[in-house]
Amino acid sequence: MGARSLRKLTQRETTYPKFEKLDGSHPFQEATFGSYVPYRVRTRTKGKVIYFNFELAKKMGLIPKNHSSKLTAQLEKTLLETFAIQIVNEHDLLSGKAFKESDLKDKHYMATRYLQLQHPSKTGLTSGDGRSIWNGSISHRGTTWDVSSCGTGATCLSPATAINQKFYRTGDPEVSYGCGFSTASEGITDVVLSETLTANGISTERVLCVIEFPNKMGITVRAAPNLIRPSHFFNHLKQGQHLRLQELLNYYIDRQVQNGDWSIPQRKNPYKFFLESMTTTFAQIAAKFEAHYIFCWLDWDGDNILADGGIIDFGSVRQFGLFYHKYRFDDHPRWSTNILEQRGKARYTVQTFAQMIDFVMTGKKKAISEFANSPSLKQFDRKFEDFLKEEFLSNVGFEKATAESLIKTDRKSIEGLMKSARYFEKLCSHEGVQEVADGVNSLMLCNLRRLLRSLPRALILGQMELPIASFKEILSSEQGSLEGLPNHSTFNGHCRQFLGLYLKLIRSTAKQSNKDELTILKQLNKRASIINSGMRLTGDGVCLITEKILSKHSSMTFDQRLSLIAQLLDTQNFNPDFKRSAEELEQLKPFAQKKLDQCLKIIDSLKEGL
Amino acid sequence: MNLWLYSSEDSPEVDSDLMSEFAGYKPTFTFIPSQSYGADEDYDDFIDRFSQHAYINFKIFHLEREIPHRDVKSLLNSDLIYLSGGNTFHFLFHLRKTNIIHDLKYYALTGGFLAGHSAGAILQTPDIRMAAHPEFDRDDNECGIRKLTALGLVEFEFFPHYRNSRKYSLALTSLSKERDTLIYAVPDGSGIVRTSRGLRFYGRIWGFYRGHKFRIY
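Those protein sequences? They're chains A and B, same order as listed. For the first sequence, counting from 1, position 278 maps to 278 in our numbering; every step adds exactly one. Add 610 to the 1-based position in the second sequence for our numbering, that's all there is to it.
Any given hint could turn out to be false.
Cut-off 20 angstroms, straight-line C-alpha distance, at most; resulting in silico cross-link-like pairs (EDC-like, lysine to aspartate or glutamate) [what the hints assert, rightly or not]:
{"no.": "1", "chain 1": "B", "residue 1": "K683", "chain 2": "A", "residue 2": "E391"}
{"no.": "2", "chain 1": "A", "residue 1": "K408", "chain 2": "A", "residue 2": "D381"}
{"no.": "3", "chain 1": "A", "residue 1": "K366", "chain 2": "B", "residue 2": "D655"}
{"no.": "4", "chain 1": "A", "residue 1": "K365", "chain 2": "B", "residue 2": "D655"}
{"no.": "5", "chain 1": "A", "residue 1": "K345", "chain 2": "B", "residue 2": "D625"}
{"no.": "6", "chain 1": "A", "residue 1": "K408", "chain 2": "A", "residue 2": "E391"}
{"no.": "7", "chain 1": "A", "residue 1": "K383", "chain 2": "A", "residue 2": "E435"}
{"no.": "8", "chain 1": "A", "residue 1": "K426", "chain 2": "B", "residue 2": "E674"}
Treat the hints as calculated values from the structure; they're not laboratory data.
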């Protein structure tokens, strides 16, 4: 899209009244008690907007839907006025810091309380938004959005304050994220990851805006239809606070209904509906994460995930190139869960929800162990298995309707196929577990995505036959090629089983759809090659790409950066059914193919990375 | 030594006395689950159980994961280490496999507070043979370990979840004839504490020695 002259901007585009609603006030403050800490905020100077999500802003009604993707001076001014803020924290008050009244905002902003395992007491008394505050909420076309900002100052809810029993000056270099600041690179990383995952059907909070300050500091503004986490609930549950828990639960249910996400049948108890909904949500996301190699450190405190299953806080989120089931993130002094444990953690979250709902309905808090055989868990197990099958078959390349049909007719074959697939995924290098930059990991010998991507074509060329040696070749990861894949009977048996069952599913699909097997294979080839693309951005890759995007920023304009990010994200959409409109394609005209190529080179070199 | 042997988790009187040992400061309690499966639940219950008494720094130490040196250091710096209940054989197997058993023994002998219920209490005795008895209520030795030597911090054997019924009495009386050590049969809610000041009993506890049964007062 070419540049538009400022004179052509409509009157509507010169003012942005909706941003005024993001003034710190939020219905959460009235609906619940004891769930947040209020803070005065002041303006923070010398900020510069380096990213703005125009599409999301239109969806939220913050800017008109015909607004161009140009950061006008007025828009930037509005964004900075709204979001370039910093809290007046306890350290400021105790040290008697004075601020000009004109710099202070009228209303209080809130840092919400929620349970976090980083805090020593594990009871939620000291934990919550350690360096974030909520800007407010905005409603547009039937959806209310919560907006919060990260990097707005050190609150009293940070782990550092709880551990060291002191209030920190915002920006204190002695603590890491306990200092209350965030960096611009964290913001851009969040943009790339959240938009990539969202485009591929994984729900996340979205980044609305990133503001950069001197010394590479930044504020990341995020939005989601509901920013409540399970840990918001578990906070009150842990403390046995029945009334507060009930208030929060009612608030959450009301929001879900208002947003149209939930439709509770008339005679249905809303709390029971909540539990059923959570069971389905967490079974689904656990299956998605496992199938797509998403590591997001799901744990018992329910902190790293939204209650609606969206990913939040990308600091420890990774999209693996291979199934790195030995990887653990080192969060000093604790270690994260690994990707295989996420299922158990999601299940445990449901168990905790069962305990919570029982507490709300009976007024008596029972031990969590009493819910070990809850019907919700049986439901979770059933749904998880079904969702996992659906995701697996989608990765194989089957369309949704075909996958659902196969699950009904060929369940055993699918289970056998998945068993072999999981065997391949879990094969570790002989080098064992080793230290990596942010934790520990073991290299993997097989690349299942490569197999799924290449197998249809190999079978087409081989006329429905493939020698085991060739099968192994397309199954092998880079490490597998170095070390060599096993040659024992168990491994070879799984190779034969996989191939045999894969062909069986092809035959079954051909029979059901009245098409020949070659046609089915061609369809799979087309879909699987997109879904299992070898150019997948991994967690390692996103860090380097962020550096690339930002390191040149002094010579890159806002528009150029936005364009580069858009083009990059376009390469990361692995949805075979996704089609861009002509307008969107026009907007994606590369401004600098060289920079994009550099990013793609990084993606390629780290495609099997963490 | 400060050894707290619980039959079960629900022993409020014992908990209260244990917490009085830490009055006035914020202790660190490290929980060691007997196995990974269900560890979250047990840890949650543990936190709920003790957080009502005082502010405590809670940590969990997983035996079935890779254990970096710094985690062992952190474990041994705890004010209290708590061994959970569960399958005693599985627990001992992993304590041995990770060599943590030696660290725990050293920790206890140098004055650290070591507590545990059921399997966690049996592990403080000379060996875990009690976990295999009686036939009708025992742990399964799925790991197939043969060497049953445990921490050996106390000289007696500990039988948790005891019910003062004819069935249990006969079983333990018979068992005591084969051993030369005193067996304390401890019902749920009861416990035994061993400190430098001696032994302390909570609740109704029975002793079995060389074919004789007697009540501990």
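Do the hints match the structure? See the list:
Distance check on the hinted pair: K683/B and E391/A sit about 42 angstroms apart at the alpha-carbon level, beyond 20 angstroms; violated. Between K408/A and D381/A, the direct Cα distance comes to roughly 17 angstroms. Compliance with the 20 angstroms bound is thereby established for this hinted pair. For the hint pairing K366/A with D655/B, the CA-to-CA distance comes to about 10 angstroms; that is within 20 angstroms, so the pair holds. Annotation: proposed proximity of K365/A to D655/B holds, straight-line Cα distance about 12 angstroms (limit 20 angstroms).
The hinted pair formed by K345/A and D625/B fails the criterion: a straight-line CA distance of about 29 angstroms is larger than 20 angstroms. Restraint check for K408/A and E391/A: satisfied, since their Cα atoms lie roughly 15 angstroms apart, inside the 20 angstroms limit. The suggested pairing of K383/A with E435/A is violated, with an alpha-carbon distance near 36 angstroms, which exceeds 20 angstroms. A threshold of 20 angstroms between alpha carbons decides the hint, and for K426/A with E674/B the separation of about 17 angstroms falls inside it, so the pair holds.
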